[in-house]
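Visitor: Here are the chains, one letter per residue:
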Amino acid sequence: MGNCCESASNFFGPQKNTNVRVSLPAVCFVWQIAMIVLFGVFVRYDKESDAHWVELKKTENLTDLDNEFYFRYPSFQDVHVMIFVGFGFLMTFLKRYSFSAVGFNFLIAAFGLQWALLMQGWFHHFDYSTGKIYIGIESMINADFCCAGSLIAYGAILGKVSPVQLMVVTLFGVTLFAVEEFIILDLFHCRDAGGAMVIHCFGGYYGLAISWVLYRPNLHRSKRLNGSVYQSDLFAMIGTLFLWMFWPSFNSAIANHGEGQHRTAMNTYIALASSVLTTVAISSMSKKGGKLDMVHIQNATLAGGVAMGTAAELMITPYGSLIVGFCIGIISTFGYLYITPFLEERFKLQDTCGIHNLHAVPGMLGGFTGAIVAATASESVYSKEGLIATFDFTGKFENRSPGTQGGFQAAGVCVAMAFGLVGGAIVGFILKFPIWGDAADDNCFDDEAYWELVLPAMKCSLTIPAFFCTGETKSIH
Amino acid sequence: MGNCCESASNFFGPQKNTNVRVSLPAVCFVWQIAMIVLFGVFVRYDKESDAHWVELKKTENLTDLDNEFYFRYPSFQDVHVMIFVGFGFLMTFLKRYSFSAVGFNFLIAAFGLQWALLMQGWFHHFDYSTGKIYIGIESMINADFCCAGSLIAYGAILGKVSPVQLMVVTLFGVTLFAVEEFIILDLFHCRDAGGAMVIHCFGGYYGLAISWVLYRPNLHRSKRLNGSVYQSDLFAMIGTLFLWMFWPSFNSAIANHGEGQHRTAMNTYIALASSVLTTVAISSMSKKGGKLDMVHIQNATLAGGVAMGTAAELMITPYGSLIVGFCIGIISTFGYLYITPFLEERFKLQDTCGIHNLHAVPGMLGGFTGAIVAATASESVYSKEGLIATFDFTGKFENRSPGTQGGFQAAGVCVAMAFGLVGGAIVGFILKFPIWGDAADDNCFDDEAYWELVLPAMKCSLTIPAFFCTGETKSIH
Amino acid sequence: MGNCCESASNFFGPQKNTNVRVSLPAVCFVWQIAMIVLFGVFVRYDKESDAHWVELKKTENLTDLDNEFYFRYPSFQDVHVMIFVGFGFLMTFLKRYSFSAVGFNFLIAAFGLQWALLMQGWFHHFDYSTGKIYIGIESMINADFCCAGSLIAYGAILGKVSPVQLMVVTLFGVTLFAVEEFIILDLFHCRDAGGAMVIHCFGGYYGLAISWVLYRPNLHRSKRLNGSVYQSDLFAMIGTLFLWMFWPSFNSAIANHGEGQHRTAMNTYIALASSVLTTVAISSMSKKGGKLDMVHIQNATLAGGVAMGTAAELMITPYGSLIVGFCIGIISTFGYLYITPFLEERFKLQDTCGIHNLHAVPGMLGGFTGAIVAATASESVYSKEGLIATFDFTGKFENRSPGTQGGFQAAGVCVAMAFGLVGGAIVGFILKFPIWGDAADDNCFDDEAYWELVLPAMKCSLTIPAFFCTGETKSIH
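Residue numbers (my numbering), protein chains in the order written: chain A, 1 to 477; chain B, 1 to 477; chain C, 1 to 477.
Hints listed in this document are in silico derivations from the structure and should not be mistaken for laboratory results.
Since the model is a prediction, treat every value here as computed from it, not as a measurement.
Among the hints, erroneous ones may be present.
Pairs involving identical chains hold if they fit within one copy or between any two copies, as the list cannot separate such chains.
Claimed, not checked - Calculated cross-link-like contacts (lysine-lysine; reagent style BS3-like; alpha-carbon spacing at most 30 angstroms):
#1 K58 <-> K396
#2 K287 <-> K348
#3 K58 <-> K47
#4 K288 <-> K223
#5 K432 <-> K288
Hey, can you work out the whole structure from these sequences and the hints?
Guide: Structure representation (structure tokens):
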């Protein structure tokens with residue numbers, strides 16, 4: 001055993017490059033101090049979280065419950081769980097990279113949400129008269145959403161980058177997100193409550209483009225670690241289930257008050273149920289003996305939520321939601337079976353978590369679904385007031401027709417994809433500089449590089465089936 | 001090791017029968033398509049989730065907060081977590097069946113909730129004028145509740161059935177549930193907010209009857225896998241705790257607005273705390289050295305929530321709740337210690353999770369508790385209006401007395417039990433046909449049958465203590 | 001293996017003292033019966049959970065939503081998750097004490113919340129005219145908070161005490177809590193929504209004082225078990241994340257309706273994000289190669305929530321929250337690196353979970369931060385009405401100035417600390433009696449003492465790296 005571990009350690013290669021003792025603390029400190037300064041200059045409580053609200057309540061004759069907090073806070077907490085436990089644990093499926101999955105997810109989301117409060121504030125909530133950004137509960141939800149784009153990208157490069165690189169991915173990811181979101185939601189006036197376009201389509205292609213630029217021809221040298229064990233798959237199921245259960249809250253968190261949130265949650269709930277059945281069906285059909293593959297169950301079951309990101313808010317009808325879930329469960333599982341291996345072999349695209357099948361394609365299709373549902377909206381289905389409220393046909397968009405809206409929705413998908421692909425390619429090139437502390441090809445997917453592991457000897461028995469290690473046992477007795 | 005695993009594999013027997021490559025995809029596809037068609041014909045948004053609500057709000061002078069969504073959605077999400085993470089992880093305690101526990105729970109709940117929306121819709125919310133079912137947030141909660149009946153039944157047959165059989169169990173379980181619920185809640189006009197009768201008593205006896213019919217005389221051949229390991233017990237504790245914590249939401253989710261939900265949540269909270277202490281006491285008394293048994297802590301602590309399913313909504317008083325929790329913690333733990341082994345030995349009833357002690361008996365006793373509390377209700381305790389509101393003594397039930405109500409509540413328990421036992425027996429016989437792909441007696445409790453396990457070699461070191469496997473190690477070096 | 005385990009077992013020493021077969025059931029039964037009697041005498045539903053509310057609603061012209069339940073219940077459930085899953089799983093990090101961590105946490109919280117309903121009721125909600133305590137949703141939140149003090153204390157003595165001792169710790173902990181809370185919140189009229197003083201500072205020093213009195217000079221004999229393994233660290237991350245995510249709910253759960261809850265949640269959210277970055281920075285700087293230490297990530301990231309316990313409710317500003325998180329992340333991580341080892345070596349203080357760095361010091365500093373922010377409050381920042389509402393300057397406190405308030409807040413910190421230290425010392429001495437069933441020095445941190453472990457043979461392969469055990473394998477073949 002001793003010998004085995006030693007030789008294994010040599011085989012992993014000297015971990016020269018993964019020293020982040022200077023760069024990681026430097027990035028964390030400098031960026032956090034920058035956040036403090038920028039928050040000091042720009043960020044203030046909005047009127048519903050400021051102590052002055054007590055007076056406002058009296059003058060405007062409001063009740064406590066009129067505070068936006070009560071409309072959004074339960075949804076916010078569900079979204080928060082998805083970001084930290086959902087995304088974090090979903091990526092723990094690798095046998096030896098669970099600390100990095102959940103730990104770096106934690107780090108970059110905690111940074112990303114601060115940067116998102118600023119970026120989204122500048123683009124959406126900047127008050128030119130005072131020069132301030134005013135934040136409240138809706139800003140918190142949007143900040144969590146904005147992080148999600150970068151966390152999705154993390155899925156494509158999981159195991160192959162350093163925490164410093166992830167901070168860079170998040171810095172640019174949040175920045176790009178705020179810009180594309182401004183174009184899609186403000187300029188194009190699209191509806192995208194659950195972010196099929198702005199979050200999933202953008203995040204998915206952003207991650208794929210980064211991963212494509214960072215292609216590692218010798219990644220097979222880490223192949224022994226690029227897989228799961230029984231217990232790591234169970235940890236990943238915690239992530240899957242919290243994502244799946246709370247996706248109705250994700251899509252409805254910033255939908256319109258009342259029937260808007262109500263319908264969005266219900267449509268998502270129905271679509272997700274449907275995608276579970278088709279995922280199981282395709283997974284079982286594809287394997288000898290009809291055995292299910294945990295990868296499919298962990299991922300493709302969620303595609304229904306992604307694909308409903310835009311349309312859930314609209315009058316897609318309950319059976320429409322079922323159909324979307326039905327189709328996307330099939331498409332996503334097929335993606336895991338055939339497209340991801342194909343992309344890796346032919347296009348040199350290494351996508352650790354298969355975000356192509358869970359976020360990029362379902363997000364894109366979800367965006368187009370939303371465009372079609374929007375284009376076919378009518379006053380008979382929505383009512384006159386309902387149509388105006390649902391699509392916010394007010395102000396300078398007062399005279400927009402559903403058809404035009406559908407066109408802009410489709411254009412929005414293209415913008416999200418373009419931002420993802422171009423932005424990701426640029427960020428990928430930045431990450432190729434040899435200064436970021438990423439691991440060598442034969443040392444990927446290994447927590448050893450960035451985490452103090454108390455019992456390194458245990459590694460053997462976890463990563464390599466026990467019987468490879470025990471032959472030399474007697475030598476240490 | 002090689003030899004050991006190989007011989008173990010032979011010992012497991014050739015897994016001829018567990019091929020579900022045709023049946024599982026067929027069932028998933030056909031039933032999901034049927035759902036789409038039926039939803040298309042029958043299911044529409046109710047008025048609070050339809051875009052027309054924007055106009056209704058104006059004409060009826062409502063505020064956004066009057067939408068039912070804000071009364072129910074946080075409770076719905078808690079119930080949703082109980083169904084998918086709670087039930088799913090509670091059953092991961094088996095050392096080698098965790099994928100099936102959490103995965104099949106996921107599958108059948110996702111199917112069951114769709115079928116429940118239809119079945120409950122036809123029985124409770126069918127609008128004869130339009131021929132449609134109108135669904136909203138309360139339908140979603142009820143659909144989750146309806147699934148719970150079948151998930152409870154899964155607990156009795158855990159490890160012994162195929163996923164196709166579980167789909168059948170769910171199809172019939174949801175159907176039976178909708179009928180007995182109609183009889184108990186609509187015809188008998190019982191109160192059963194947390195479903196002690198309609199969910200737990202029914203689900204418990206339904207599962208027991210199925211398991212009794214499916215008796216496997218040689219199940220001891222799988223005995224090596226019918227137990228837990230350290231980590232699987234910890235995963236199960238995730239399930240236990242989410243069930244325990246959210247049970248107040250479960251019982252109060254569809255209780256009356258205002259004081260109804262308030263009191264129901266509080267009574268359940270108090271009763272659950274009490275049952276933890278008596279569970280620990282009995283568990284400790286029963287073992288040498290006063291050592292606790294994880295099985296009891298994982299299960300009997302929850303019995304307080306089940307037993308309060310009916311009475312929590314009523315004025316049972318805080319100390320009444322404590323007494324219920326006190327007694328049921330003792331009864332449930334005794335059940336695990338003595339009754340389950342007795343039933344297995346004498347009545348040939350194999351109950352993997354001991355649902356007899358957690359659902360069947362506490363549900364039945366909870367139903368009778370509710371009957372007694374209802375029968376003793378008075379205007380002095382409830383106030384005149386409160387009594388009418390709590391028991392919904394309106395319309396044709398305007399003149400019902402508390403005593404009569406108590407009688408109907410007791411009759412309701414019997415109906416639930418009868419539906420469970422008879423329905424379960426019939427479903428059990430259906431499941432005996434040799435077409436469903438269930439495992440052989442010596443191959444039960446094993447994920448291997450239905451899941452693609454990446455490292456089958458790891459199985460040995462997990463299921464059989466490592467030292468049994470390592471003796472032959474050198475043969476593969 | 002057989003030999004190895006046997007000899008290991010002898011080495012652990014005969015577990016004579018850990019027999020709790022009489023004491024644990026006795027304590028559970030007697031105390032639970034006492035709860036029932038006391039609840040019967042004293043505890044009733046408050047007016048918002050009593051069926052009479054239906055009439056009150058009519059006479060006072062209320063809507064259903066005016067019921068306090070809808071303001072507090074989502075926050076309550078988040079707090080409930082923190083108490084049972086958060087605290088419970090955070091302590092599962094020890095390789096061989098996870099059952100006790102999560103199981104005893106469950107037991108003592110379930111007892112503690114009942115006793116807290118009584119103690120807090122007598123001190124805060126006792127109605128002298130009727131001789132009753134009236135409980136509702138806010139009582140439930142406060143009861144959970146009250147337990148938290150004792151659960152924090154458990155962190156210091158984790159692995160070294162018996163469940164019976166923990167019940168005693170909780171009995172006195174809840175009692176002391178209710179008294180110090182009465183002094184701080186009622187007599188001093190302090191604001192402490194998230195309990196930096198009354199929960200964390202008190203609980204931290206209470207646990208440290210107990211642990212100091214129970215010093216075990218030969219604890220190093222259990223050193224082999226006082227550490228984590230890969231999977232136990234992952235379980236602990238579940239606890240960390242649920243605590244981290246729901247901390248905004250913890251701090252805001254009993255804050256003022258409307259802007260009060262809104263601002264409290266947002267400040268906490270921001271501060272927590274900031275403390276993640278500085279924790280990572282310091283952790284990385286301290287280790288060779290910049291490797292992160294799971295202990296820091298699991299604990300110090302949470303310090304931001306503790307430190308904002310008092311100030312989050314006040315107008316500390318968003319950047320003020322970031323600064324608090326920034327500093328406390330550094331301080332807490334330094335504590336884990338240098339202060340805990342120093343305290344153990346020089347002051348004979350064995351603090352298993354390092355509550356000194358996560359609760360005691362951040363709680364104390366959070367209390368003083370609150371005092372400073374309170375002392376500098378002004379009408380220009382809060383508005384006249386806002387200042388009165390935030391600090392409740394009504395009744396006999398009508399004329400209190402912010403400066404005076406700041407002084408009382410600072411005095412409150414001292415009271416909390418004094419109660420913790422003196423109370424903990426006394427409870428520690430009580431626990432030294434040799435009647436409580438605690439384990440010997442060489443048998444600490446081991447579930448074996450109090451839990452029926454199904455496969456004791458597995459213990460070896462979990463606690464001691466596999467290769468130590470496998471040498472003797474052949475002897476059993």
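Visitor: Within, between, both or neither: how does the pair K58, K47 come out at a Cα-Cα threshold of 30 angstroms?
Guide: both (13 angstroms within a copy, 26 angstroms between copies)
Visitor: Go through the copies and call it for K287 and K348: within, between, both or neither, with a Cα cutoff of 30 angstroms.
Guide: Classified as within: same-chain Cα gap 25 angstroms, cross-chain 36 angstroms, threshold 30 angstroms.
Visitor: Within a copy, between copies, both or neither: where do K288 and K223 come within 30 angstroms Cα-Cα?
Guide: both (23 angstroms within a copy, 27 angstroms between copies)
Visitor: Indicate which option fits the pair K58, K396 if close means a Cα-Cα distance not exceeding 30 angstroms: within, between, both or neither.
Guide: between (33 angstroms within a copy, 24 angstroms between copies)
Visitor: Indicate which option fits the pair K432, K288 if close means a Cα-Cα distance not exceeding 30 angstroms: within, between, both or neither.
Guide: Between copies, since 24 angstroms is at most 30 angstroms while 41 angstroms is not.
In summary, the structure agrees with every hint in the numbered list given earlier.
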